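Participant: Just need the whole structure built from these sequences, with the hints factored in.
First to last, the sequence lines map onto chains A and B. Per my numbering, the first sequence starts with residue 1, numbered consecutively. Per my numbering, the second sequence starts with residue 1, numbered consecutively.
Hints in this document: simulated from the structure, not taken from any laboratory. None of these values were measured; they are calculated from a predicted model. Don't be surprised by glycine CBs; every beta carbon is placed ideally from N, CA and C. There are no misleading hints in this set.
Here are some, though not all, of the chain B residues that point toward chain A, as calculated from beta-carbon distances under 7 Å:
#	residue
1	H223
2	F227
3	G229
4	L230
5	F231
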Amino acid sequence: MSELIRNGVRIDDSFAEAFPMSGTGILITGPNAKWARQAAETMTGFATSVIGCGCEAAIDCEVPPEETPDGRPGVRALLFAMSSKDAEKQLVNRLGQCVLTCPGSAVYSTVKGEFEIKVGDAVRQFGDKWQMSKVVDGRRFWRVPVMDGEFFCEAKVGLTKKSVGGGNLLVMGADWDSTMRATEAGVAAVRAVPDAIAPFPGGIVRSGSKVGSQYKGMGASTNDAYCPTLRGVTNSALDADIGCVLEIVIDGLTDAAVSAAMRAGLKAIIDMGPENGAKRIGAGNYGGKLGPFHYHLKDLLP
Amino acid sequence: MKPFVFTLRQEPAQRVDLSALSPDRIAGRAAAEIEKIEIGTTKAAIKVGDVFGVSVGDPGVVRFEGGSSRFDLVGAKLLPDHSVHVDGDVGAQLGRLAKGGRITVTGSAGAYAASGNAGALIEIGGNVGDFLAAPLAGELGGMSGGRVIVRGNAGARAGDRLRRGVIVIEGDAGEDLGSRLIAGSIVVLGAAKGRIGYLNRRGTIVLANARDLGPTYIDCGAHILTFAGLFARSLRTDSPRAAAVLSRKLRRYGGDTAVYGKGEILTPA
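Facilitator: Okay, here's the thing in structure tokens:
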């Protein structure tokens with residue numbers, strides 16, 4: 001693999017291979033920033049990977065009170081799934097169990113898309129005929145009486161099928177501490193990019209997978225080529241100076257958001273340099289035959 | 001492009017029906033042709049040219065320079081993205097069955113203004129007559145969308161059978177405000193009298209000045225409503241005073257319990 005070097009960090013001549021996804025999201029507001037965030041965190045919990053969670057979701061950004069529809073502090077959460085049906089099912093379930101239940105919360109549409117998901121129209125019946133509909137500036141909302149007042153929820157939210165899931169960066173360093181330092185900097189930069197999320201714990205996944213397994217019936221298993229403890233005994237992709245690999249996985253509402261997030265993450269990791277941070281950056285792919293979106297690292301370098 | 005202007009020559013001797021001068025109906029027609037349109041409502045014939053000087057322009061922006069309380073059906077069936085402006089008063093049924101667009105009247109309007117409005121923003125600088133946004137006799141539902149802002153006072157039965165949309169009355173409201181409300185929202189900043197919200201089913205009436213509401217509205221306590229915060233923001237440009245009322249903690253009276261009773265009257269707590 002021919003290598004590029006930026007600020008002493010080796011960059012693989014590789015690419016991240018990503019897939020089309022259905023993307024949606026909601027803006028959650030609360031009486032204060034703490035409770036707006038609580039609702040969003042609960043709703044995006046257990047949503048790291050579509051494989052086991054049904055969707056990938058995370059907080060995109062905080063929205064200041066002056067930019068929310070009701071003038072309260074808000075948090076924007078994005079949710080991605082493999083089909084619009086899955087996205088709808090996951091969003092409606094999570095909204096009903098995690099946001100409706102969260103004290104003080106209200107929900108608004110925040111994604112402009114070609115399709116709409118009925119969310120308020122789904123949870124309104126919780127109001128047992130006490131719910132009230134209000135149309136304000138052409139948008140329909142539901143007021144559902146709950147024990148702390150009213151749950152206020154927009155009837156429909158947008159959904160786009162132009163979303164992209166699976167943008168990624170493999171951050172490789174000498175040990176856990178230095179690799180984590182670089183990866184955390186990368187995640188912070190990725191999270192600052194609008195319309196993109198990193199759904200794994202803290203934005204980071206340590207159990208990257210390969211397709212297939214030696215066991216029957218397992219579709220994915222540990223990516224042994226990137227496991228440092230197997231460096232000598234498997235067909236390893238790691239060099240002698242790599243002792244830890246962490247991955248940032250990125251989902252975005254648009255192709256542009258994913259590439260902007262990867263670009264920002266790359267820059268942050270490279271800026272830290274190899275002494276305290278990462279020695280090498282790679283990207284995960286399946287040979288380019290599965291996903292239509294290819295993000296070549298060499299095109300995204302600072 | 002300059003607006004399409006109708007300049008008042010003299011006030012007509014009879015009521016005139018100006019629905020024929022709505023933007024879509026004058027588009028592409030020459031001034032001479034428009035001047036020949038019959039607008040009388042009695043046996044005596046009267047044409048547009050007898051009342052107005054016509055200056056052809058963009059039919060999407062129609063201006064009446066000079067008004068009269070005999071001008072009925074101004075802006076009737078107005079379509080989205082069109083506007084009608086009247087410098088002066090208008091008669092009955094202003095913006096009747098309008099689908100969208102914007103109507104502004106600097107003076108006062110007669111009865112049944114915004115009747116059957118489905119989406120237009122109608123602003124009346126002066127007072128408005130009885131039955132604001134109400135259905136005509138025989139119709140089942142009142143206004144079904146859009147927004148009406150009245151800077152002055154409104155007559156009796158304002159918002160009768162309102163179905164959807166917003167009415168803001170910055171002055172006083174006459175007898176029986178919001179009678180037979182189906183849904184929708186009405187805000188009154190001045191005084192209101194009579195049986196407010198009589199037979200209200202699911203509508204919201206906001207009164208800046210609290211008053212006795214009779215036994216069929218039940219006090220549900222004072223609350224900070226998220227909905228009111230959003231509604232206030234939406235009203236900020238059209239009526240800052242209405243927005244200020246909605247930004248406060250509100251006392252909710254549920255009713256009218258004489259009927260379906262899922263509506264409400266909100267007053268500052």
